[in-house]
Amino acid sequence: MKNLLCFGDSNTFGTNPAQPGTRHPFGVRWTGRLATMLSPEWRVIEEGMGGRTTVFDNPLEPQRAGIQALPIVLQSHRPLDCAIVSLGTNDLKEIFHASPRTIAAAAEQVCAAIRDYPYGGCGPAPKILLVSPIAVKPGISRSPYVGFDEDTVERSHRLAPFYREVAERNDWMFLDAATVAEASDVDKLHMDPENHAHLADAIADILRIEFTA
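Under the working numbering, the sequence shown has 196 at position 196, and the numbering climbs by one with no breaks.
Treat the hints as calculated values from the structure; they're not laboratory data. Idealized CB from N, CA, C, for every residue including glycine. Some clues are possibly wrong.
What the hints assert, rightly or not - Only pairs whose alpha carbons sit at most 20 angstroms apart, straight line, appear in this in silico DMTMM-like list of lysine to aspartate or glutamate:
1) 137 / 187
2) 127 / 182
3) 137 / 192
4) 127 / 192
5) 137 / 176
6) 137 / 94
7) 127 / 41
8) 127 / 210
9) 127 / 171
10) 137 / 154
11) 2 / 201
12) 2 / 192
13) 137 / 194
14) 127 / 150
15) 2 / 81
16) 137 / 171
17) 137 / 116
18) 137 / 149
19) 127 / 116
20) 2 / 176
21) 127 / 46
22) 127 / 168
23) 2 / 57
24) 127 / 81
25) 2 / 41
26) 127 / 201
27) 137 / 168
28) 127 / 187
As the list claims (entries may be wrong) - Distance windows between CB atoms, simulated:
29) 121 / 149: 14 to 24 angstroms
30) 75 / 151: 31 to 41 angstroms
31) 124 / 194: 35 to 45 angstroms
32) 144 / 123: 40 to 50 angstroms
33) 60 / 158: 21 to 31 angstroms
34) 63 / 94: 25 to 35 angstroms
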């Protein structure tokens with residue numbers, strides 16, 4: 001049995017843009033779709049949380065820094081064969097004043113924490129797939145989700161090259177989610193069922209290649 005950790009934010013949780021406050025069903029979320037697409041030998045572990053950042057503490061949304069949650073997550077779910085890290089959208093919030101380069105460096109810290117965790121007898125460390133987020137759409141400042149301004153849109157389009165550089169430097173797998181999926185026009189931030197399917201397809205292709213090589 002291969003254990004796959006999916007560590008992310010509200011688009012990993014499956015927030016439904018058409019019905020604020022609700023969640024797509026398991027079979028609709030990219031994580032759930034991935035579970036059905038991979039062989040029965042895979043166990044997909046969902047760890048998605050709305051508002052989750054890479055390393056930043058938000059006083060308006062406490063206990064959302066991903067790097068602080070990792071020790072509990074890794075201790076609970078080890079051993080792991082692969083970890084997917086899909087974070088960075090919430091780092092774009094105006095409260096953090098973070099550049100795309102800084103956000104990518106923060107994502108690198110999260111992935112490095114997964115790589116360097118003391119797994120003990122449940123080692124070795126998992127392979128890592130770093131996913132740069134889908135782009136935020138214009139009009140986000142008028143969405144129900146507080147903290148994003150229109151500058152967020154432009155910066156979200158500049159994340160992928162820095163994420164790719166981080167992944168290549170560390171020999172991690174990489175996917176630019178914005179090349180295969182997009183946010184809903186409803187809330188400018190979260191994926192609809194069709195785009196969850198597109199993301200699941202792309203991730204499944206990467207994992208099949210990596211784990212059959």
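Hinted pair residue 127 and residue 201, Cα distance within 20 angstroms | Distance ~19 angstroms between residue 127 and residue 201 Cα, so the pair holds.
Has the given pair, residue 137 with residue 116, been kept, meaning a C-alpha gap of at most 20 angstroms?
-> 35 angstroms, violated
Do the alpha carbons of residue 127 and residue 41 lie within 20 angstroms of each other, as the hint requires?
-> Distance of about 16 angstroms is within 20 angstroms: holds.
Quick one: are residue 60 and residue 158 within 21 to 31 angstroms, going by C-beta?
-> Once the Cβ atoms are compared, 25 angstroms apart, the range 21 to 31 angstroms for residue 158 and residue 60 holds.
Verify the proposed pairing of residue 127 with residue 210, using a straight-line Cα cut of 20 angstroms.
-> 9 angstroms, holds
Sort out whether residue 94 lies within 20 angstroms of residue 137, counting only the CA atoms.
-> Answer holds: residue 137 to residue 94 is near 15 angstroms, not above 20 angstroms.
Can the restraint linking residue 127 and residue 171 be considered satisfied, given a maximum Cα separation of 20 angstroms?
-> 9 angstroms, holds
Satisfaction of hint between residue 168 and residue 137, Cα-Cα up to 20 angstroms = With Cα atoms ~27 angstroms apart, residue 137 and residue 168 exceed 20 angstroms; violated.
Could you tell me whether the CB distance from residue 63 to residue 94 stays inside 25 to 35 angstroms?
-> 20 angstroms Cβ-Cβ, so the 25 to 35 angstroms window is violated.
Compare the distance between the alpha carbons of residue 137 and residue 149 with 20 angstroms, and conclude whether the hinted pair is satisfied.
-> 11 angstroms, holds
Would you check the hint for residue 2 and residue 81, treating anything up to 20 angstroms between C-alpha atoms as holding?
-> Distance of about 6 angstroms is within 20 angstroms: holds.
Would you check the hint for residue 2 and residue 41, treating anything up to 20 angstroms between C-alpha atoms as holding?
-> Judged against 20 angstroms, a Cα distance of about 6 angstroms means the pair holds.
In the structure shown, a violation is registered for the earlier hints numbered 2, 4, 12, 14, 16, 17, 20, 23, 27, 28, 29, 34, in ascending order.
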